[in-house]
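A.B. asks: In the order they appear, the protein sequences are chains A and B.
Residue numbering for the first sequence follows the numbering used here, beginning at 17 and increasing consecutively.
Residue numbering for the second sequence follows the numbering used here, beginning at 4 and increasing consecutively.
Mixed in with the good hints, there may be bad ones.
[To be verified] Have a look at the derived ranges for each label pair, beta carbon to beta carbon:
(1) A:Ser28 <-> B:Asp112: 41 to 47 Å
(2) A:Ala360 <-> B:Val46: 48 to 54 Å
(3) A:Ala179 <-> B:Ser54: 28 to 34 Å
(4) B:Asp85 <-> A:Thr86: 57 to 63 Å
(5) B:Asp112 <-> A:Arg364: 50 to 56 Å
(6) A:Thr356 <-> B:Val46: 40 to 46 Å
(7) B:Ala113 <-> A:Ala36: 40 to 46 Å
(8) A:Glu40 <-> B:Arg52: 41 to 47 Å
(9) A:Thr356 <-> B:Ser54: 29 to 35 Å
(10) B:Ser54 <-> A:Lys305: 38 to 44 Å
(11) B:Asp55 <-> A:Pro332: 23 to 29 Å
(12) A:Arg154 <-> B:Ala82: 57 to 63 Å
[Said to hold, decoys possible] The following residues of chain A were derived to be distant from chain B, with all beta-carbon distances above 12 Å:
(13) Val55
(14) Ala248
(15) Asp250
(16) Arg316
(17) Ala317
(18) Pro318
(19) Pro332
(20) Phe341
(21) Val368
(22) Arg390
The set of hints was computed from the structure by calculation and includes no laboratory data.
Ideal placement from N, C-alpha and C gives every residue a C-beta, glycine not left out.
What follows is the residue order along each chain.
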Amino acid sequence: MTGDSTSDTPSSLALTPLNALHRELGGKLVPFAGYEMPVQYPAGILKEHLHTRAQAGLFDVSHMGQLRLTGDNPAAALEALVPGDIRGLGLKRTRYSLLLNEAGGVLDDLMITNAGDHLFLVVNAACKQADIAHLRARLAGAVEVEYLKDRALLALQGPTAAAVLERFVPGAATMPFMSYAEGSIAGIPVLLTRSGYTGEDGHEISIPNDRAEEVARLLLAQEGVAPVGLGARDSLRLEAGLSLYGHELDETTTPVEAALVWAIGKRRRSEGGFPGFGVIGRQLTEGTKRRRVGIRPDGRAPARDGTPILDEAGRPIGTITSGGFGPSVNAPIAMGYVATSRAATGTRVTLVVRGKPLPATVVDLPFVKQNYYRG
Amino acid sequence: MSMIKFTKDHEWIRVEGHIGVVGITDYAQHALGDIVFVELPEVGKEVTRGSDAAVVESVKAASEVYAPVDGEVTEINVALADEPALVNASPLDRGWFFKMRIANLIELDALMDEAEYQSYLEGLA
Chain A
17 MTGDSTSDTP
27 SSLALTPLNA
37 LHRELGGKLV
47 PFAGYEMPVQ
57 YPAGILKEHL
67 HTRAQAGLFD
77 VSHMGQLRLT
87 GDNPAAALEA
97 LVPGDIRGLG
107 LKRTRYSLLL
117 NEAGGVLDDL
127 MITNAGDHLF
137 LVVNAACKQA
147 DIAHLRARLA
157 GAVEVEYLKD
167 RALLALQGPT
177 AAAVLERFVP
187 GAATMPFMSY
197 AEGSIAGIPV
207 LLTRSGYTGE
217 DGHEISIPND
227 RAEEVARLLL
237 AQEGVAPVGL
247 GARDSLRLEA
257 GLSLYGHELD
267 ETTTPVEAAL
277 VWAIGKRRRS
287 EGGFPGFGVI
297 GRQLTEGTKR
307 RRVGIRPDGR
317 APARDGTPIL
327 DEAGRPIGTI
337 TSGGFGPSVN
347 APIAMGYVAT
357 SRAATGTRVT
367 LVVRGKPLPA
377 TVVDLPFVKQ
387 NYYRG
Chain B
4 MSMIKFTKDH
14 EWIRVEGHIG
24 VVGITDYAQH
34 ALGDIVFVEL
44 PEVGKEVTRG
54 SDAAVVESVK
64 AASEVYAPVD
74 GEVTEINVAL
84 ADEPALVNAS
94 PLDRGWFFKM
104 RIANLIELDA
114 LMDEAEYQSY
124 LEGLA
């Protein structure tokens, strides 16, 4: 049968500061966005996924890009590139946003934090070089964009995660969802946001590279904390109905098609001033031809990225953009784009998997209830 | 008396007379990770050596399972429909995929025996 085998790192792959730790923990290392990353540890994707929803999973996401924007008014300047209300983003608050192109398509999705005297951004690993170039080109003169390549990023996620972090950072457990704080873990200065990509409560923790392994080991030594790889990170975010750049989001998808209208600020909908405002404005009033939806295959067979979606008459109406198995729902799950006329919850569709028609249903997202901290 | 043979693609076939039971090896199940779905061939399907016979889906991806020799599928392991994880737990026993009537027993000579397969695995490491 077909299969991969892990081999020595090709010299072209970048390593995160936790690479040695991943090897020590028995991580299965694979190339991802130019980095060598753990797709799973010996426990396996299923157990790591379930563990995160039951206790606390620790993820190395140091491959992502951390940026610091400074200048006279970086928030106002950044509004020229994103549809969100960044000027109104409160002190020590974090917001999900999208870098857009002139057609209203998405260049990347990112988190923007108002850290007081600067904006702190976290962007996708695969896009970070392009994002940095884009930001520097478009904000030249107004904003300085610093790439924080000397910082690692961990995510601690799950129902017991905040209580674990509280032991090191008093107040971490009562930080509001989507807020930011500067603190220290055992004397090591860290930046925290109460956010994540799993649908669970938890924090992301930015640490200087040379202290990252220390922090990771401290957290892993806590009861109920287990290392979790990118495989489970993907199944967790899929269950949570969260988009992945390169799949649900790319330069051909607008926020309206992607069902991310909430990421467009209310003031911005009338004022504009972001790329693709014309297209997006029209879509907000007239609707779109297609929409991102959840899809639930009837049986047990997963339907993966690229699977054609047909309507009841066998006509093509869309494509799956992410699909796999949801361990917490114990069933195959998927997301994709379908023609708006077929996007209503409950619509029956057909998926073509290995040449065979498999029945499925359009369903609401998320597949698993979100457990964000509500104070 | 049964004999067991192995392919380079990590399938095994346990032979009794003209019937072979086919599955994937422990090495394969470990490489795949948690198996969530197995698509088995239809009973009666003619297979040829190296042709697609089954598909095994892990959380992350699908993998093909190939027929080790020419023949015809005679029985499939229906237990895998409800418990695909049997392949991980018991790859050489309860996690069997299908049985087949072997067209030409001589084709088994081209496959590896247990010792040869172990050597082959050592070469992969």
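A.B. asks: Taking 40 to 46 Å as the hint, is the beta-carbon distance of Thr356 (chain A) and Val46 (chain B) inside that range?
C.D. replies: holds, 43 Å
A.B. asks: Classify the label on Pro332 (chain A) as holds or violated, using whether its beta-carbon is more than 12 Å from each beta-carbon of chain B.
C.D. replies: About 22 Å separates Pro332 (chain A) from the closest Cβ of chain B, which puts it past 12 Å; holds.
A.B. asks: Test the statement that Ala317 (chain A) is away from the interface with chain B: the closest C-beta pair must be farther apart than 12 Å.
C.D. replies: Answer for Ala317 (chain A): violated, closest chain B Cβ roughly 5 Å.
A.B. asks: Checking the smallest CB distance to chain B, is Ala248 (chain A) really beyond 12 Å?
C.D. replies: violated, 8 Å
A.B. asks: Quick check for students: does the CB of Val55 (chain A) sit more than 12 Å from each CB in chain B?
C.D. replies: violated, 7 Å
A.B. asks: Taking the Cβ atom of Arg154 (chain A) and the Cβ atom of Ala82 (chain B), is their distance within the range 57 to 63 Å?
C.D. replies: Taking Cβ atoms as reference, Arg154 (chain A) and Ala82 (chain B) lie about 59 Å apart, which means the hint holds.
A.B. asks: Using the Cβ atoms, figure out if Asp55 (chain B) sits within 23 to 29 Å of Pro332 (chain A).
C.D. replies: holds, 25 Å
A.B. asks: Against chain B, does Pro318 (chain A) keep a CB gap of more than 12 Å to every residue?
C.D. replies: violated, 5 Å
A.B. asks: With 12 Å as the threshold, tell me whether Asp250 (chain A) passes as away from chain B on beta-carbon distances.
C.D. replies: violated, 8 Å
A.B. asks: Could you check that no beta carbon of chain B comes within 12 Å of the beta carbon of Arg316 (chain A)?
C.D. replies: violated, 5 Å
A.B. asks: Is the Cβ of Phe341 (chain A) more than 12 Å away from each Cβ in chain B?
C.D. replies: Violated, since 4 Å does not exceed 12 Å.
A.B. asks: Quick one: are Ser28 (chain A) and Asp112 (chain B) within 41 to 47 Å, going by C-beta?
C.D. replies: Check passed, 43 Å falls within 41 to 47 Å.
Checked against the numbered hints above, the structure violates hints 2, 3, 9, 13, 14, 15, 16, 17, 18, 20; every other hint is satisfied.
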